[in-house]
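Here is what each chain is made of, one letter per residue.
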Amino acid sequence: MDERVTTPQDLAGTVPVAVRDLTKVYGTVTAVDHISFALAPRTTVALLGGNGAGKTTTIAMLLGLVVPTSGEVRVFGADMGQHRYLVAQRINFQSPYVDLPMRLTVRQNLMVYAGLYGVANAEERIAYLAEDLQLSALLDRATGKLSAGQKTRVGLAKALLNAPELLLLDEPTASLDPDTADWIRQKLKDYARDRRATILFASHNMAEVERLADRVILLDAGRILEDETPRGLIETYGRETLEEVFLDVVRGRARRLDEPVASEAEEAP
Amino acid sequence: MSSLSSAGAVAVLLPPGGLSASLRRTSALVRRYMYLLRSSGIRLIELIYWPFLQMLTWGFLQKYLAGNTSPLAHAAGVLIGAVLLWDILFRSKIGFSTTFIEEMWSRNLGNLLTSPLRPFELVAALSVWSVIRLCVSMIPVALAAFFIFGFNLLDLGLALVAFFALLVLTSWSLGLLSAGVILRYGLGAEELAWSLAFILLPLSCVYYPVSVLPQWLKPISLALPPTHVFEGMRSILLHGVFNATELWWALGLNAIYLTIGYLAFRWFLRGARVNGTLLQLGE
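Chains H and E are the protein sequences, given in the same order.
Start counting at 1 in the first sequence, then tack on 458, and there's your number in our numbering.
Start counting at 1 in the second sequence, then tack on 9, and there's your number in our numbering.
Honestly, the hints are just simulated from the structure, not real lab data.
The structure presented is a predicted model; accordingly, all values stated were derived computationally and were not measured.
Think of the CB as a built atom: it goes at the ideal place given N, C-alpha and C, for glycine as much as any other residue.
Incorrect hints may have been included.
Label-pair restraints from in silico Cβ distances [stated by the list, open to error]:
(1) H/E698 <-> E/S49: 46 to 56 Å
(2) H/T687 <-> E/R279: 34 to 44 Å
(3) H/G508 <-> E/I57: 35 to 45 Å
(4) H/T699 <-> E/N284: 33 to 43 Å
(5) E/V250 <-> H/Q540: 45 to 55 Å
(6) E/A232 <-> H/A606: 48 to 58 Å
(7) E/L53 <-> H/A578: 29 to 39 Å
One-sided and incomplete, this derived list gives chain E residues near chain H with beta-carbon spacing under 7 Å [to be verified]:
(8) G17
(9) V21
(10) S48
(11) G50
Construct the complete structure from the given sequences, taking the supplied hints into account.
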């Protein structure tokens, strides 16, 4: 496909994300270990895992910020190593590990990114997002003087400026109070529904995953352990909540109900 | 969402490819740097403060020498001319590098490098901004040199435009190299942004002619574009002769160094993507 792809139109209608045998090795550390998955259009998928599970590295490879050691990442059909710019306008992301320039006002930051993403109706779009995300009163304040919750909303406004078909989020509600976090989750749900967008988000927060995700990819030590619906995971492991499943998995004591117990396995012919 | 006014409900997106898209993204980034400068009066004053102090110091020294000792010092303006031209190179380099570092300080590079912005557009924005910063910095200082010491930079005539352009091109090569190293190795290499240009200070014969260098050092000096600019400046101010050959040498060498600088920047950027450095920026 690479050789034939020359314009963004060539990629219209293809699957949002397709990852095949993706691996990232830093020196002697394997951050992501031969993972494969695909995201169907209009789904919200959670990358779940403990610290160092490979969530952020996976998202960074999807964004083209990190080059894979091996394997393939395709976003809307474009190989991100070769043709990232063909699809960059259809994607956006937010992460607590990057900031918008603190000295610029919210409006200035959003105007700059509207220019970068080619938003022709920048002023109307910013006004709309500001109203929707309750930022109107903050537009002319320096971004650095905002609270954590306000900054998260500004980051989300930046991520939604181009109305991306694929939204990548790294811990979208990290360090927010429960009320603000809940509010952000609702906004993301609304956006996914109204825009018919695909969302991939990394999270440690089980309530968030249960609330937002249609599907969970559970990572541990760079490998995919499970790829299921939240309800399916809970049932598979015979637990009450996703948090219990998560704790069992990361502590190495998880056992699927469909796995034979040791004594059964020994008795099996 | 449906209760909101619908004017901005849909993002109208312009085509991402082509020259106009590149210009739009470059100008958006230049606008970001303009906003930043406007947000701080201290930054604006600082742009003028250091070159002004340097011009004053060397200007008074020149005045002292002209009235007392060396006959060479009577050649009006050579020292101040050298100071001002060196400052063009140095300030432009600093403007390029610090603007890039600013993106890392503010942890904004991850946002930029995941947007549709291409690396050459980032470089173009840094280059354009370095010239704007330079003008903000040097025009008041050149005016001060005229009113305080009677040195008119415009006496260099059209050559001044060429000197200016050639020194700015050299500063971009240095800026690309230091930005690439910082990108690859993180803010620990920040010192390079400040110190790299100083390598050129003794080697490119800012305050003295190439002829005073030892024989073995001359080829190195002549391989540097600014050497030819400063030789050209002295030729005009001391002998009234415009030496076009020096300028062609400087132009040719700049083309080589600029190409190397851009390729190095891309190579370091690729290295940063491979090593995952872009994930740790600002930390």
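field: 45 to 55 Å as the expected CB spacing between H/Q540 and E/V250, which holds or is violated
entry: 53 Å, holds
- prompt: Can the suggested window of 48 to 58 Å be confirmed for the beta-carbon pair E/A232 and H/A606?
  reply: Given about 53 Å between the Cβ atoms, the range holds.
- request: Mind checking the CB of E/G50 against every CB in chain H and telling me if the closest is under 7 Å?
  value: 12 Å, violated
- prompt: Using the C-beta atoms of H/E698 and E/S49, is the stated range 46 to 56 Å upheld?
  reply: Since the Cβ atoms of H/E698 and E/S49 sit about 54 Å apart, the hinted range of 46 to 56 Å holds.
Distance restraint hint 29 to 39 Å, applied to the beta-carbon atoms of E/L53 and H/A578: Roughly 32 Å apart at Cβ, these two residues keep to the hinted range, so it holds.
field: Interface hint status, E/S48 versus chain H (Cβ within 7 Å)
entry: This interface hint holds because 4 Å falls under the 7 Å limit.
task: Take the C-beta atom of H/T687 and the C-beta atom of E/R279, compute their distance, and say whether it sits inside 34 to 44 Å.
output: Cβ of H/T687 to Cβ of E/R279: about 39 Å, so the range 34 to 44 Å holds.
query: Are E/G17 and chain H close enough, Cβ to Cβ, to be under 7 Å, as the hint says?
result: 3 Å, holds
- request: Under 7 Å, Cβ to Cβ, is where E/V21 needs to be relative to chain H, so tell me if that hint holds or is violated.
  value: With Cβ-Cβ at 4 Å, under 7 Å, it holds.
message: I want to verify a distance hint. Is the separation of the beta carbons of H/T699 and E/N284 within 33 to 43 Å?
response: 38 Å, holds
query: CB of H/G508 to CB of E/I57, is that within 35 to 45 Å?
result: 52 Å, violated
Violated hints, in rising order: 3 and 11; the structure is consistent with all others.
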